[in-house]
Amino acid sequence: MFSSAISGLASEEQKAKWMPGIRRAEIMGCYAQTELGHGSDVASLETTATFDKETDEFVVHSPTVSSTKFWPGDLGKFSSHAVLYARMKISGKDFGV
Amino acid sequence: MKGVSTGDLGPKVGYGTKDNGWARFDHVRIPRTNLLMGYVDVDREGNFKKKGDLRVLYTVMMMIRAGLVRVCGGNLQKAVLIAIRYSMMRRQFQTVHGSTEERQIIDYQSQKHTFGILLSKVFVMHVNGSYCKSIYLSMMDEIRS
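Respectively, the protein sequence lines represent chains A and B.
Residues in the first sequence are numbered from 1 upward in steps of one, following this note's numbering.
Residues in the second sequence are numbered from 1 upward in steps of one, following this note's numbering.
For reference, chain A alone in the conformation it holds in the complex (with noise of 0.2 angstroms):
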């Protein structure tokens, strides 16, 4: 999931960037989109990344105890990478998820 989550939802250059460590089992990587209030309905999922504009970085944080991420296999000990489900905030403005 981790890595067709990469190769379906990555641009060419980050594909490139990713990839390659991927495969050769150098990064392993779990799909962060289940949290403890939130399961399907992505939509409705808690955590924020929101843009630092000053820096040009986002801030990952999870606000509420519903908004843990909660169940994602190979989350647990595995992993030392993750494609992470949040609403992206911008400015003020929350843009989803």
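Bear in mind the hints are in silico, worked out from the structure with no lab data behind them.
Some hints here could point you the wrong way.
[Said to hold, decoys possible] Computed beta-carbon distance windows for the label pairs:
1) B:9 <-> A:41: 15 to 25 angstroms
2) A:41 <-> B:72: 22 to 32 angstroms
3) A:37 <-> B:103: 52 to 62 angstroms
4) A:78 <-> B:26: 48 to 58 angstroms
5) B:74 <-> A:77: 20 to 30 angstroms
6) B:123 <-> A:92: 15 to 25 angstroms
7) B:10 <-> A:55: 31 to 41 angstroms
8) A:4 <-> B:88: 36 to 46 angstroms
9) A:41 <-> B:16: 24 to 34 angstroms
10) A:41 <-> B:88: 39 to 49 angstroms
11) A:92 <-> B:139: 30 to 40 angstroms
[Unchecked claim] Cross-link-like lysine to aspartate or glutamate pairs, in silico, DMTMM-like; alpha carbons within 20 angstroms at most:
12) B:12 <-> B:26
13) A:53 <-> B:45
14) A:89 <-> A:57
15) B:50 <-> A:12
16) A:77 <-> B:142
17) B:49 <-> A:12
18) A:17 <-> A:52
19) B:2 <-> A:57
20) B:49 <-> A:41
21) B:50 <-> A:94
22) A:53 <-> B:43
23) A:93 <-> A:57
24) A:93 <-> A:26
25) A:15 <-> B:102
26) B:51 <-> A:13
27) A:15 <-> B:53
28) B:49 <-> A:52
29) A:89 <-> B:8
30) B:112 <-> B:102
31) A:15 <-> B:41
32) A:17 <-> B:102
Beta carbons: idealized from backbone N, C-alpha and C, even for Gly.
Knowing the structure of chain A, use the given hints to seat chain B on it.
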């Protein structure tokens, strides 16, 4: 990684090899370019742009759902195969008229009843699984085009 807490959910009934886990994030900073930008784009100034049909974001999980139907059918197939082969080999009670051999247990009604139903389910699940996969694939073709 700073600000990330994770844990393993521990033992469960079935699928013990999968380490389902949890994770929480406390203001964790990642580079903007880590946003998967195949279908969306956020530039240095924070301008958001769609590059395709965003419904594609929901499809990774659907692939797994469609696959589950196939996998369940496949697993049941293996179990039923083992059970039916055993029922052919295993013999109990000298009840066949004129024979000194004991009867194959597959001859017993209750055994046939049990495995006849499960064997039928194998076929149904196999066909259904292939159908679900074909729906998924044609949906993906539509979204991408």
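Taking the hints in turn, this is what the structure says about them:
Between residue 9 of chain B and residue 41 of chain A, the C-beta spacing of about 20 angstroms keeps the proposed range 15 to 25 angstroms intact. Judged by the Cβ atoms, the range 22 to 32 angstroms given for residue 41 of chain A and residue 72 of chain B holds: they are separated by roughly 23 angstroms. As the Cβ distance of residue 37 of chain A to residue 103 of chain B is approximately 57 angstroms, the hint placing it in 52 to 62 angstroms holds. Restraint check, residue 78 of chain A to residue 26 of chain B: a C-beta distance of roughly 22 angstroms breaks the suggested window 48 to 58 angstroms.
The supplied range of 20 to 30 angstroms is met by residue 74 of chain B and residue 77 of chain A, whose beta-carbon atoms lie about 27 angstroms from each other. Checked against the given bound of 15 to 25 angstroms, the beta carbons of residue 123 of chain B and residue 92 of chain A, roughly 56 angstroms apart, lie outside it. Distance hint for residue 10 of chain B and residue 55 of chain A: a CB-CB separation of about 37 angstroms, consistent with the stated range 31 to 41 angstroms. The hinted window of 36 to 46 angstroms between residue 4 of chain A and residue 88 of chain B holds, with their beta carbons roughly 41 angstroms apart.
Evaluation of the 24 to 34 angstroms hint for residue 41 of chain A and residue 16 of chain B yields a pass: the beta carbon distance comes to about 28 angstroms. Range check, residue 41 of chain A to residue 88 of chain B: Cβ separation about 48 angstroms, and the 39 to 49 angstroms hint holds. At about 35 angstroms, the CB distance of residue 92 of chain A to residue 139 of chain B agrees with the hint of 30 to 40 angstroms. Proximity of residue 12 of chain B to residue 26 of chain B is assessed by CA-CA distance (about 28 angstroms); at most 20 angstroms being required, the pair is judged violated.
Under the criterion of a C-alpha separation no larger than 20 angstroms, the hint pairing residue 53 of chain A with residue 45 of chain B is consistent with the structure, at around 7 angstroms. Our distance criterion of 20 angstroms between C-alpha atoms is met by residue 89 of chain A and residue 57 of chain A, whose separation comes to about 12 angstroms. Between residue 50 of chain B and residue 12 of chain A, the direct Cα distance comes to roughly 16 angstroms. Compliance with the 20 angstroms bound is thereby established for this hinted pair. Taken as a hint, the residue 77 of chain A and residue 142 of chain B pair is broken in the structure, with Cα atoms around 37 angstroms apart against an allowance of 20 angstroms.
For the suggested pair residue 49 of chain B and residue 12 of chain A, the alpha carbons sit about 17 angstroms apart, so the restraint of at most 20 angstroms is met. Straight-line distance between C-alpha atoms of residue 17 of chain A and residue 52 of chain A comes to about 23 angstroms, which puts the hinted pair past the 20 angstroms bound. Proposed proximity of residue 2 of chain B and residue 57 of chain A is supported: the alpha carbons are some 15 angstroms apart, at most 20 angstroms. For the hint linking residue 49 of chain B to residue 41 of chain A, the alpha-carbon distance of about 23 angstroms lies beyond 20 angstroms, and the restraint is violated.
A threshold of 20 angstroms between alpha carbons decides the hint, and for residue 50 of chain B with residue 94 of chain A the separation of about 15 angstroms falls inside it, so the pair holds. A C-alpha spacing of about 10 angstroms is found between residue 53 of chain A and residue 43 of chain B, which places the hinted pair at or below 20 angstroms, so the restraint holds. For a cut-off of 20 angstroms, the pair hint linking residue 93 of chain A to residue 57 of chain A stands: about 16 angstroms separates their Cα positions. Straight-line distance between C-alpha atoms of residue 93 of chain A and residue 26 of chain A comes to about 36 angstroms, which puts the hinted pair past the 20 angstroms bound.
For the suggested pair residue 15 of chain A and residue 102 of chain B, the alpha carbons sit about 64 angstroms apart, so the restraint of at most 20 angstroms is broken. At roughly 15 angstroms between alpha-carbon atoms, residue 51 of chain B and residue 13 of chain A fall within 20 angstroms of each other, so this suggested pair holds. Taking the CA atoms of residue 15 of chain A and residue 53 of chain B, the gap is near 19 angstroms; set against the 20 angstroms cutoff, the hint holds. As the CA atoms of residue 49 of chain B and residue 52 of chain A are separated by approximately 17 angstroms, the hinted pair is consistent with the 20 angstroms bound.
In summary, the hint linking residue 89 of chain A to residue 8 of chain B is not supported, as the alpha carbons are separated by about 29 angstroms, beyond the 20 angstroms threshold. Taken as a hint, the residue 112 of chain B and residue 102 of chain B pair is honoured in the structure, with Cα atoms around 17 angstroms apart against an allowance of 20 angstroms. The suggested pairing of residue 15 of chain A with residue 41 of chain B holds, with an alpha-carbon distance near 15 angstroms, which does not exceed 20 angstroms. The hinted pair formed by residue 17 of chain A and residue 102 of chain B fails the criterion: a straight-line CA distance of about 66 angstroms is larger than 20 angstroms.
The structure is inconsistent with the numbered hints 4, 6, 12, 16, 18, 20, 24, 25, 29, 32, although it conforms to all the rest.
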